[in-house]
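Hey, can you work out the whole structure from these sequences and the hints?
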Amino acid sequence: MIKKVVLSTLGVALTSSLLVGNAQAGEVLDRVKEKGFVQCGVSQGLPGFSSTDEKGNWSGLDVDYCRAVAAAIFGDATKVKYSPLSASERFTALQSGEIDLLSRNTTWTQTRDTSLGINFAGVTYYDGQGFMVRKDLGITSALELDGASVCTNQGTTTELNMADYFRANGMSYEPVVFVKADEVVAAYDSGRCDVYTTDASGLAAQRTKLKEPNAHMVLPEIISKEPLGPAVIHGDDQFFDIVKWVINATVEAEEMGLTSDNIAKLLIDSNNPTPAQQRFVGTEGSLGENLGIDAKWAYNVIRQVGNYGEIWQRNVAPLELPRGVNNLWNNGGIMYAPPLR
Amino acid sequence: MTEQKYPIGQYPNLPPPKNSVGVVAWLRDSLFSNWFNTLLTILAIYIVIKTIPGLLDWAFFSADWVGTSRDDCSREGACWVFINVWFDQLMYGRFPEDQVWRIQASYIIAIAAAIPLFIPAVSRKIKTALALFLLVLFPIICFYLYYGGSFGLEVVETTLWGGLFLTLVIAVTGIVMSLPLGILLALGRRSNMPVVKSVCIVFIEFWRGIPLITVLFMASVMFPLFVPEELSPDKLIRALIGVTLFSSAYMAEVVRGGLQAIPKGQYEAAAALGLNYWKSMLLIILPQALKMVIPGIVNTFIGLFKDTTLVLIIGLFDLLGMAQLAATNPNWLGFSIEGYVFAALGFFVFCFTMSRYSQSLERRLNTGHRN
Amino acid sequence: MSEQKLINAPAKPPFWRDPEKRALVFQAIFLAFVLFIGYSLVRNTMANLEAQGIASGFGFLSTNTGFAIAESLIEYDESSTYLQSFFVGLSNTILVSVIGIFFATILGFIMGIARLSKNWLVSRLAAIYVDTLRNIPLLLQIFFWYFAVLRQLPNPKQAYEYFGVVFLSIRGLFGPKPIYEDGFGWIVAAVILSIVAIFVLYRWAKKRQEDTGERFPVLWTSIALIIGLPLLATVITGFPLSWEIPELKGFNFRGGLVLTPEFSALVFALSIYTSSFIAEIVRSGILSVDKGQTEAAYSLGLKPSWTTRLVIVPQALRVIIPPLTSQYLNLTKNSSLAAAIAYPDLVAVFAGTALNQVGQAVEIMGMTLAVYLFLSLFISFIMNWYNSKMALIER
Numbered sequence: 001m002i003k004k005v006v007l008s009t010l011g012v013a014l015t016s017s018l019l020v021g022n023a024q025a026g027e028v029l030d031r032v033k034e035k036g037f038v039q040c041g042v043s044q045g046l047p048g049f050s051s052t053d054e055k056g057n058w059s060g061l062d063v064d065y066c067r068a069v070a071a072a073i074f075g076d077a078t079k080v081k082y083s084p085l086s087a088s089e090r091f092t093a094l095q096s097g098e099i100d101l102l103s104r105n106t107t108w109t110q111t112r113d114t115s116l117g118i119n120f121a122g123v124t125y126y127d128g129q130g131f132m133v134r135k136d137l138g139i140t141s142a143l144e145l146d147g148a149s150v151c152t153n154q155g156t157t158t159e160l161n162m163a164d165y166f167r168a169n170g171m172s173y174e175p176v177v178f179v180k181a182d183e184v185v186a187a188y189d190s191g192r193c194d195v196y197t198t199d200a201s202g203l204a205a206q207r208t209k210l211k212e213p214n215a216h217m218v219l220p221e222i223i224s225k226e227p228l229g230p231a232v233i234h235g236d237d238q239f240f241d242i243v244k245w246v247i248n249a250t251v252e253a254e255e256m257g258l259t260s261d262n263i264a265k266l267l268i269d270s271n272n273p274t275p276a277q278q279r280f281v282g283t284e285g286s287l288g289e290n291l292g293i294d295a296k297w298a299y300n301v302i303r304q305v306g307n308y309g310e311i312w313q314r315n316v317a318p319l320e321l322p323r324g325v326n327n328l329w330n331n332g333g334i335m336y337a338p339p340l341r
Numbered sequence: 001m002t003e004q005k006y007p008i009g010q011y012p013n014l015p016p017p018k019n020s021v022g023v024v025a026w027l028r029d030s031l032f033s034n035w036f037n038t039l040l041t042i043l044a045i046y047i048v049i050k051t052i053p054g055l056l057d058w059a060f061f062s063a064d065w066v067g068t069s070r071d072d073c074s075r076e077g078a079c080w081v082f083i084n085v086w087f088d089q090l091m092y093g094r095f096p097e098d099q100v101w102r103i104q105a106s107y108i109i110a111i112a113a114a115i116p117l118f119i120p121a122v123s124r125k126i127k128t129a130l131a132l133f134l135l136v137l138f139p140i141i142c143f144y145l146y147y148g149g150s151f152g153l154e155v156v157e158t159t160l161w162g163g164l165f166l167t168l169v170i171a172v173t174g175i176v177m178s179l180p181l182g183i184l185l186a187l188g189r190r191s192n193m194p195v196v197k198s199v200c201i202v203f204i205e206f207w208r209g210i211p212l213i214t215v216l217f218m219a220s221v222m223f224p225l226f227v228p229e230e231l232s233p234d235k236l237i238r239a240l241i242g243v244t245l246f247s248s249a250y251m252a253e254v255v256r257g258g259l260q261a262i263p264k265g266q267y268e269a270a271a272a273l274g275l276n277y278w279k280s281m282l283l284i285i286l287p288q289a290l291k292m293v294i295p296g297i298v299n300t301f302i303g304l305f306k307d308t309t310l311v312l313i314i315g316l317f318d319l320l321g322m323a324q325l326a327a328t329n330p331n332w333l334g335f336s337i338e339g340y341v342f343a344a345l346g347f348f349v350f351c352f353t354m355s356r357y358s359q360s361l362e363r364r365l366n367t368g369h370r371n
Numbered sequence: 001m002s003e004q005k006l007i008n009a010p011a012k013p014p015f016w017r018d019p020e021k022r023a024l025v026f027q028a029i030f031l032a033f034v035l036f037i038g039y040s041l042v043r044n045t046m047a048n049l050e051a052q053g054i055a056s057g058f059g060f061l062s063t064n065t066g067f068a069i070a071e072s073l074i075e076y077d078e079s080s081t082y083l084q085s086f087f088v089g090l091s092n093t094i095l096v097s098v099i100g101i102f103f104a105t106i107l108g109f110i111m112g113i114a115r116l117s118k119n120w121l122v123s124r125l126a127a128i129y130v131d132t133l134r135n136i137p138l139l140l141q142i143f144f145w146y147f148a149v150l151r152q153l154p155n156p157k158q159a160y161e162y163f164g165v166v167f168l169s170i171r172g173l174f175g176p177k178p179i180y181e182d183g184f185g186w187i188v189a190a191v192i193l194s195i196v197a198i199f200v201l202y203r204w205a206k207k208r209q210e211d212t213g214e215r216f217p218v219l220w221t222s223i224a225l226i227i228g229l230p231l232l233a234t235v236i237t238g239f240p241l242s243w244e245i246p247e248l249k250g251f252n253f254r255g256g257l258v259l260t261p262e263f264s265a266l267v268f269a270l271s272i273y274t275s276s277f278i279a280e281i282v283r284s285g286i287l288s289v290d291k292g293q294t295e296a297a298y299s300l301g302l303k304p305s306w307t308t309r310l311v312i313v314p315q316a317l318r319v320i321i322p323p324l325t326s327q328y329l330n331l332t333k334n335s336s337l338a339a340a341i342a343y344p345d346l347v348a349v350f351a352g353t354a355l356n357q358v359g360q361a362v363e364i365m366g367m368t369l370a371v372y373l374f375l376s377l378f379i380s381f382i383m384n385w386y387n388s389k390m391a392l393i394e395r
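Chains as they are written, first to last, in the working numbering: chain A, 1 to 341; chain B, 1 to 371; chain C, 1 to 395.
Among the hints, a few may not be true.
What the hints assert, rightly or not - Simulated restraints on C-beta separations:
| # | chain 1 | residue 1 | chain 2 | residue 2 | range |
| --- | --- | --- | --- | --- | --- |
| 1 | C | I110 | B | N329 | 36 to 42 Å |
| 2 | A | K135 | C | S62 | 53 to 59 Å |
| 3 | A | P339 | C | G38 | 51 to 57 Å |
| 4 | B | F143 | A | E144 | 54 to 60 Å |
| 5 | C | P322 | B | T128 | 32 to 38 Å |
| 6 | C | A296 | B | V176 | 48 to 54 Å |
| 7 | C | I110 | B | F143 | 46 to 52 Å |
| 8 | B | Y144 | C | V25 | 39 to 45 Å |
| 9 | A | E144 | C | G183 | 51 to 57 Å |
| 10 | A | K135 | B | I109 | 52 to 58 Å |
| 11 | A | P339 | C | N64 | 40 to 46 Å |
| 12 | C | I110 | B | Q260 | 32 to 38 Å |
| 13 | B | N329 | A | R323 | 55 to 61 Å |
| 14 | C | N64 | B | W65 | 55 to 61 Å |
Said to hold, decoys possible - Capping the alpha-carbon separation at 20 Å, the derived lysine to aspartate or glutamate pairs in DMTMM-like fashion look like this:
| # | chain 1 | residue 1 | chain 2 | residue 2 |
| --- | --- | --- | --- | --- |
| 15 | A | K81 | B | E154 |
| 16 | C | K249 | A | D136 |
| 17 | B | K279 | C | E20 |
| 18 | A | K211 | B | D71 |
| 19 | A | K209 | B | D71 |
| 20 | C | K249 | A | D146 |
| 21 | C | K157 | A | D146 |
| 22 | A | K79 | B | E157 |
| 23 | A | K79 | B | E154 |
| 24 | A | K79 | A | E34 |
| 25 | C | K249 | A | E144 |
| 26 | C | K157 | A | E144 |
Calculated directly from the structure, the hints in this document are not laboratory data. Glycine included, C-beta positions come from ideal geometry on N, C-alpha and C.
This is the structure we're talking about:
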């Protein structure tokens with residue numbers, strides 16, 4: 001009797017859970033709308049990109065793009081939940097649907113874009129891998145690093161770039177590879193390694209965590225291209241488009257001079273907004289409709305999160321990183337958004 | 001010898017020679033019985049002199065106890081200010097400060113319900129009721145208390161859970177969930193049915209053969225692949241499932257030890273009474289077997305309790321993870337020793353008490369089973 | 001005859017009450033249930049993999065890794081294949097396990113015997129050692145040695161120097177490395193020869209003792225053999241061995257033999273953690289030998305040292321060996337904690353770095369698990385073999 005009860009309960013429970021599982025990718029947008037929030041994968045703590053304060057509030061450039069997507073879909077930038085992920089967990093988390101959006105300083109590479117089943121929606125930060133050393137080593141170039149111990153993170157392109165660079169220049173090195181960024185920093189700070197290598201933005205961010213930030217310097221060589229940007233899963237093109245155009249909207253807004261402060265005025269006293277501005281805020285045209293979301297989506301993004309320049313100023317500027325290639329195209333950089341029309 | 005005061009055969013018992021009793025004799029017997037022993041003693045005294053005063057000095061006499069930042073740690077010894085500042089995080093992780101009462105409430109309930117179990121005077125009925133409450137109802141209460149979302153409690157995401165609290169959640173859930181699973185597996189392994197038996201053996205040996213860290217890796221990275229996409233529970237639950245399956249295999253082996261120790265006559269007697277398999281197991285065999293393996297279960301729990309530290313590798317911050325996090329905080333670099341010593345002390349207190357408890361139980365039950 | 005039997009036979013129970021048939025039905029249901037779960041898991045995985053466009057198959061094993069590994073017993077560089085990185089991880093795991101087992105056994109036996117010492121101070125110290133170490137999680141101990149202790153060492157430029165050939169710094173312990181020259185093979189051959197000779201001698205001495213009762217000083221002869229023969233070979237071949245002394249060049253010491261902090265912390269923590277368990281096993285093994293055995297040996301006139309060696313140890317070993325092997329197995333599995341401190345073992349290199357670069361979790365985790373399962377089956381196979389051998393010797 002008990003056997004039957006146990007068996008049938010187990011059976012029902014398992015069949016109901018397993019049979020439903022005709023895994024179908026796609027329709028992420030429906031899932032997000034149904035849940036009422038965007039589940040966003042971020043880093044476990046990288047100042048300037050995604051980190052928490054003591055009260056657990058998230059901030060950073062990557063976090064702002066999570067908020068921007070939520071603002072576009074729900075008209076409310078707070079409808080985000082964050083999953084802090086390690087470098088090794090991030091892709092499976094996205095593939096499995098545990099998160100809807102991966103915004104975790106992730107480099108866009110061809111292999112990742114194709115064989116991992118994910119799509120990169122754009123570039124929010126053009127980065128490159130650099131090296132940080134102690135000033136008292138008296139080194140001025142990465143080419144003097146022969147025989148050094150190098151600390152870095154596991155599961156990143158950094159590991160491969162570093163190997164390529166040292167091999168191409170005929171130098172030997174000792175890799176010391178940790179799973180967590182904090183452990184890499186601690187290892188470097190204690191002197192276990194001579195060199196710390198990761199994306200230049202990461203170096204600037206992690207430098208603030210060192211005992212004496214001023215005793216360290218970033219070498220001039222940038223050995224790789226690291227375009228960082230948010231990624232979504234293959235299969236739901238609509239959601240992919242939304243994320244892509246949210247990024248473009250922030251860049252376009254900066255070019256058009258729209259900020260979170262002045263964009264509200266456009267709606268209230270629309271005495272003479274240009275047609276482009278009207279399209280942007282959704283009073284004209286069908287940009288929102290094309291994406292399947294509210295017509296005021298771009299307005300909400302800029303009003304609640306800000307344009308690309310504002311996002312940068314708020315998060316990255318405090319790290320004392322030059323804006324460099326991340327300037328707008330008409331300002332010496334390569335940030336260029338296709339037209340919103 | 002020459003003076004004979006007593007008649008032959010009526011000597012009173014003389015006291016033993018002076019050098020074979022008392023402190024001197026003890027010293028000679030246990031410390032200086034021969035040259036090798038003396039050498040060992042001197043070596044041991046040297047070790048004690050070399051370590052203990054320095055350790056005491058570091059931990060107490062030259063330690064800093066009060067303050068709020070690392071600047072308050074100017075003396076040479078340990079900086080307990082560090083522990084002081086991070087104490088809440090080490091205990092509860094990032095659980096919102098104004099919600100911590102929920103955790104404390106559950107501790108109080110657990111302790112209040114558990115104390116009567118150790119008092120012999122309490123009647124058996126009450127003990128059974130309390131044990132059932134702790135095993136069945138209490139976990140459900142805890143879930144609502146911790147996670148919230150109903151009864152007017154605000155939701156606390158599992159990513160905010162941490163510290164000793166998370167350690168306890170994982171260890172206790174692991175053991176409570178793995179017990180029934182382990183019993184079923186042990187019964188299956190001793191079954192006469194070849195199919196059931198071999199499936200159970202394969203299952204048990206699989207989980208016993210692989211390291212926990214790979215189980216956790218699978219839970220964090222691969223688990224989402226195994227289940228339908230709609231079902232992707234959060235990281236803590238995946239880790240809990242992994243830990244439960246892992247420890248259920250060890251539990252099964254402990255329970256099997258108990259089942260094997262039951263004399264065959266008990267099985268036969270149960271059969272002779274006309275009890276079917278489940279009845280004879282539930283009413284005759286398991287009560288005896290489980291009682292016998294309580295020390296083994298406690299030992300498994302100790303092992304699991306220590307193993308929970310591994311969850312920090314997949315990014316959950318248990319007591320050790322929190323200590324590690326605090327030690328890599330830029331404002332507190334260089335105090336990792338204090339953090340580790342504190343965490344070690346925490347684990348030691350729990351594990352040592354439990355192992356002493358299981359040893360005393362073992363002696364009381366006198367089953368001679370060891371893990 | 002047959003008719004008679006039929007009449008006397010008890011009425012057959014209906015088939016749903018027949019235990020044998022019921023067992024068959026139950027097993028069929030159970031099997032179907034298990035197969036169904038297995039099938040569902042496989043199908044879900046396949047569907048998920050396909051839906052997400054993740055590649056599958058073992059083709060990646062023959063592609064180049066492109067990453068470097070800090071320590072390797074076998075040849076490996078960035079142009080090696082993933083299969084080679086697998087073997088690098090595997091060999092590192094085995095290296096750590098073997099060395100860890102070696103030290104854990106020695107320490108464990110010393111501590112186990114020390115706990116039973118009549119010397120009060122020694123037995124107390126041993127008890128503190130055992131109780132402390134076995135009640136603190138291994139990972140915490142590894143972290144303690146690695147992050148708290150070894151990180152305090154000085155930079156290479158301020159390295160502690162011993163005799164001008166050994167250097168200790170935060171980068172590890174650097175010592176001289178033997179360089180084998182021509183003719184070194186003779187010394188190896190001499191070592192092997194002396195081991196064979198000792199084995200033969202042992203057999204012969206045992207037989208002689210059983211036949212005649214005379215004892216032969218096997219131990220001293222063995223020591224003479226194992227030192228003498230290789231020494232002789234060394235002298236004859238003219239010391240075909242030189243040493244490479246580490247040198248401080250640029251950032252680090254170059255050349256010589258290196259013990260990295262990662263390796264040292266891992267081996268150290270694994271050894272002392274496991275030794276605390278082995279000590280308990282040894283203690284209970286020795287206690288399990290009845291006191292009467294000792295008394296009987298004494299009354300036969302055996303010296304205390306002979307009593308220990310000939311009477312107590314052989315009996316205690318029978319109790320000690322099975323749990324000891326399972327401790328060895330635990331140590332091997334625990335060596336996977338290397339992943340937490342950057343030592344490139346199987347889990348760190350293959351299930352970590354390689355998995356992250358390739359993304360084929362199913363294949364890579366499958367291979368990793370297979371290694372550990374194989375190791376545990378292998379060790380339990382040896383244990384069973386040993387147990388049956390022990391059972392045969394019992395008289």
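| Does K249 of chain C pair with D136 of chain A here, judged by a C-alpha cut-off of 20 Å? | holds (16 Å)
| Given the hinted pair K79 of chain A and E157 of chain B, is their alpha-carbon gap at most 20 Å? | holds (15 Å)
| 20 Å limit on alpha-carbon distance, applied to hinted pair K249 of chain C and E144 of chain A | holds (12 Å)
| Hint consistency between K249 of chain C and D146 of chain A [alpha-carbon to alpha-carbon, up to 20 Å] | holds (10 Å)
| said: Against the range 51 to 57 Å, how does the distance between the Cβ atoms of P339 of chain A and G38 of chain C compare: consistent or not? | reply: holds (54 Å)
| said: Checking one constraint from the list: CA of K81 of chain A to CA of E154 of chain B, max 20 Å. Satisfied? | reply: holds (15 Å)
| So does P322 of chain C sit 32 to 38 Å from T128 of chain B, Cβ to Cβ? | holds (37 Å)
| field | Satisfaction of the hinted span 46 to 52 Å by the C-beta atoms belonging to I110 of chain C and F143 of chain B | value | With Cβ atoms ~48 Å apart, the hint holds.
| field | 40 to 46 Å as the expected CB spacing between N64 of chain C and P339 of chain A, which holds or is violated | value | Because 42 Å falls inside the window, the suggested range holds.
| Taking 52 to 58 Å as the hint, is the beta-carbon distance of K135 of chain A and I109 of chain B inside that range? | Cβ of K135 of chain A to Cβ of I109 of chain B: about 57 Å, so the range 52 to 58 Å holds.
| Satisfaction of hint between D146 of chain A and K157 of chain C, Cα-Cα up to 20 Å | holds (16 Å)
| field | Pair hint K209 of chain A and D71 of chain B, alpha-carbon separation not exceeding 20 Å | value | Roughly 17 Å separates the two Cα atoms, so the pair holds.
Hint compliance for this structure: hints 2, 9, 13 are not met, and every other hint is.
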